[in-house]
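With the sequences and hints as input, model every part of the structure.
Note that the protein sequences, when read in sequence, are chains W and S.
Under the numbering used here, the first residue of the first sequence is numbered 1, with each subsequent residue one higher.
Under the numbering used here, the first residue of the second sequence is numbered 1, with each subsequent residue one higher.
In short, the hints are calculated from the structure, not lab data.
One or more of the hints may lead you astray.
List time: in silico SDA-like cross-link candidates among lysine to any residue, alpha-carbon distance up to 20 Å [claimed, not checked]:
| id | chain 1 | residue 1 | chain 2 | residue 2 |
| --- | --- | --- | --- | --- |
| 1 | S | 479 | W | 133 |
| 2 | S | 388 | W | 12 |
| 3 | S | 388 | S | 21 |
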Amino acid sequence: MSEHKLEIKNLVKRYGSVTAVDHINLTIHRGKLFSFLGPSGCGKTTTLRMIAGLETPTEGEILVNGEVLSDSRHVVLPEKRNMGMVFQSYAVWPHMTVFDNVAYGLKIKKMSKADIAAKVRDTLGLVGLAEYASRYPTQLSGGQQQRVALARALANEPAILLLDEPLCNLDAKLRENMRFEIRTLQQRLGITAVYVTHSQDEALAVSDEIVIMRDGRILQQGAPEDIYAHPDSSFVAGFIGLINRMDAEVVAQEGDCYRLRLPNGQMLTAAKGKGQFKQGERCNVLIRPENIVFDAWNRDLHYNRLEARIEQVSFTGSIVNYFIRLEGMQESYRIQATPPLRYATGEQAVCYFTPEACILTRD
Amino acid sequence: MAERRASPRRNFQASFILFALVCLIIGLLVLVPIGYMTFESVTDEMGNPTLENFIKYFGRGSIRESLLNTLLVSIGIGGLGTLLGVTLAFGVSRTNMRFKTLVKSTIIIAIMTPPFLITLAYIILAGPNVGFVNRALRFLLRLDTTYGPINIYSVWSLVILGLPQGIATIFMMVFPAMENMDPYLEEAARMSGGNARRASLDITIPLVKPAILSGLILSFGQSLALYGVPRMLNINVLTTKIRESITIMDFKMGAVLSTTVTALSLLAVFLYRRTIRSSKKYSTISAKGFRPSVMKLGRARHLFSALGLVYALFGFLIPYCTLVMASFMRSVGNGFEASNWTVDNYVTLLDSSVAATAFKNSLFLGAMTATCVVLLGLIAGYIIVRAKVRGRGVLEYLCNMPSGISGTALAMGLIFMYLSQPLNQMRLYGTIWLLLIAYVTRMLPSGVRYCQSALIQINTELEEASRVSGASWGRTMLKVTIPLARTGMLYAWILTFVMAFPELSSSVMLRNAGTDVVATAILDLWDGAGGLPQAAAFGTVVFMLVTGLVILAQKVTGRSMIDRA
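Printed below as a string of C-alpha cells:
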C-alpha cells in the first residue's frame, strides 16, 4: 500500500519565454535510485528543485504516494516534504560544527538530546566521519564536507533523498570512490533517491534507472545496461558512452536482419532491434568501439567484415584506441581493444562486428 | 489511492507579511515626504494646482543665483573630482606610486567625516581676518592690511572644500573596477604592440568607463545636497535657501526649492542606475582573484606620488591638524604664542549641558538609526537578492532614492508631511523622533547596500539546505542567514552609526530646543556661542570618534572599505 512512489505528471517550468522543463512524466518507485542525466541546461536540476519544493512548476503536478505536493498554484513548503537533499556546493553551514550540521533537522523535530546525539553518531558513522563531530566544516577536505552533506540529508530519515550533482566538485579519484559509497548506502538503507548528474559514468554506476534529458524533454528512460545497449537515438548513444556512426540505406530484409548499404557501397548485415525500417529508407548505424574486433574467431557467429587502414593508435593503459579509416568514407572510426598493441599507424587491418552489435536509429 | 491535497501553502507565506510591511515602511519613508513637498510646490494656498510658485520664486534674482551657484558647484566638484579621482584610482591600483596607504586613508576619512569639519579648519587657516595663512602671507609680503589676501568666502572655495569628498566618491567607484579588471586584457594589448600608456588609455580607462560615469553622477548629486560647507562659507545655494525659507516662514519657497533640488538629484540617481545597468555588458571586469599588474613608471611616478601627497595634505593632514591645534588655543587670533595654549575648550565642553545634550542625542540617533537601517536593510536586501517576487526592482530603486535627496529637502518634505492633516496628530514635529525618521531615510541606501552585499556572499544553497532539513523560512533566517551575515551586519551597523552621528543638513531643519545634535551644536558654537576654538574642540572629538569607529569596524569585521578582503 504505502509505496513511497514519486510521480511527476506533465511537469512544465518556464522562465519567461524559456522552457526549462517541457512536459515531463515519470514514476519513481520506492527504494530505487533514479538518475537524471543530460548536458547542462537540459532541465534536470530544475526538475530536482521542483521535486524539493524550491521551485514552483508552471504546469503539472508532483505527487508522493498520491498526495499532490506541487502544482502551479500550491507548493508544499520544502520543510514539510520529508525529503533530504545534497547540494552541488555541499552547502554545509560553515558557522556550525559537523555535529550541529547533522543535528539541525533533528532539533527541529524536537527530538530529545540523547536521541539526537545517538542519531548523529550513527549517521556520521555511516559516512565514516564519527571522529569529526566537533570539527568545523572549514577544517575538513572537500570529500569530507561532501560526506557531512550526505549525513545531514540522511539524518532526518527522509522518504526521498535528492542529490544535485553531488560529486562534481570532487577530484576524479574521490569521485569514483564516493560514487560507490553513495550507491552502497542507498541500497543498505533502501531509500528512494533522485540523482542529478551530467556524467554518464556516474549515472551508469549508481542508478537503477536513468532518464536522459535534453532541452527540457525526456529522450529515453530505462535501466543503465538497457540504455547503453539499445539507445533510441544517436544523441543518447553518444551521450552514454562512445559511438561510431555511419549513414546507411536499407536495401533488404532478411529474417531478423536488415541488409544495409554504406555510402562507399559496402554491404552490412544488422540485427533489427527496436526500429522498423522500410526498404530504401535511410538510417544511422551505430556501433560501440568495443564491439569491433580484429578476430572473427567464433564460427557460430556471422560477422560483418571491414577492411581498414589504421590512422592513429592511442594507448591509455587498460585500453588501446585505434582510429581507422575505410575506403571511400569521410570520417574515421574508433575501435577499443585490450592490450597488447596489435597494429601500428599506417598498417592495413581487417576488423569485424556482429549484426547484433549494430544499433539502427533514425536520428 | 485517490489523490488528495496535502495542506497546500504558498511559498513564503509566513514571510509575506513581513515583506509587505518592510516595503510599506520604506515607501512611507521615501515617497510620502517627496509627495507632500511636490504637492505643496505645485498648489496655491487653497490647494488648487498651479505653476505660479515656480514662476514667482525663480523670478527672484537671489533664487536664480542660488540655482546657478548650486549647478556651478556641482558641475565643478563632479568634473574636477572625476579628473583627480580617476587619476588617483589608477595611480593607487595600477602604478608603483608612493603614499598609497596615505591616499586610501584620506579617501576613507573624506567619505566618512562630514565636510563641514574641514571647512571649519580652512576658515581657521584662510579666514580673511585672522586666518593663519592670511596673517603669514601679510607678514611675508609686508601687506599693510588686516584683510586678505585670500578670501575663503567664495564660490570657488566651496568647490575646493567639496572636492576631497567628491574625489573620494569617484575613487570608491573606480578603484574596485580597476582592481578587479583582468590584467590579461591589458597584457593582450601589450602583446599586440601597444605600450603601457596606450594599453591604459585604450583598454583600462574604456573598460572602467561605466564606473567613472556613475562616480561622476554620484558626486554631482552629492554636491547638489551639500549644506554645511555653503552655510559656513555663506554662499547662496539651493540648500541654504531652503533653510532660509524656514526662518522667514515662507513655506511655498521651501517647497519650490526642495522640489527643484530633489528633481535635479533624482535625475542624477536615475542616470546613475542606468549606467550601472549598462555596465553589465563589461562583465569581464567582475572576474575572480586576480592580482592587478602594477606598472613600473619612470618619471611619471613622481607626478602620481605628488598628486597623492597633495590630496592627502589638503583633504586630511592640514585641515585636521589645524582643527586639533585650534582646539587647544584660547583664541585663534592670538596664534602660536605660549600663553595661547590651553585645554579649557575641552573642559568647557565637558561642563556644557548643551554639548552633553547634543552628544547624547547624536549617540541615541546614531544607534537607533543604525539598528533600524540594518533591520530594514536586511529584509529589503533579502527581498532584492533572494525572493522571487515581482516588483523587487522597484524596491531596490526605492531604497536607493534617498541617496539622491538632499537632507535639507527631505526635511522640508517631512515638515510638510508631519505638520499637515492627518499626520500632525502624531505630534512628531519638534521631537527627536522626526529626526530619527529623517536619519533612517537618509542612511537607508548605504544600509541596504551593505546588507545586500553581505547576503550575496551567502550561497543560496546554504539556506535551501536548511529548508529541506525541515526548517521554516523564519528559522532559516535566524539560524543560517543572520549568523552567516553577522559580520556584514555589524559592519553595516557601525558604518551607518558613523555616518548618522554627525548628520547636519536634516538636523538643522528639524531640531528644536532639546533636540540639538553634535553637528548643529558645532555650527552654533562656530556661529558665536563659543567661538572657533570650542567648535574646533567639539569637531576634534567628533573626528576622533568617527575615525576610531571606522578603524574598529575594519579591525573587528576584517573588512576594508577599499581593499578586497
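Going through the hints against the structure:
Taking the CA atoms of residue 479 of chain S and residue 133 of chain W, the gap is about 19 Å. The hint holds against a cut of 20 Å. For the hint linking residue 388 of chain S to residue 12 of chain W, the alpha-carbon distance of about 18 Å falls within 20 Å, and the restraint holds. The hinted pair formed by residue 388 of chain S and residue 21 of chain S meets the criterion: a straight-line CA distance of about 17 Å does not exceed 20 Å.
Violated hints are absent here; each numbered hint is respected by the structure.
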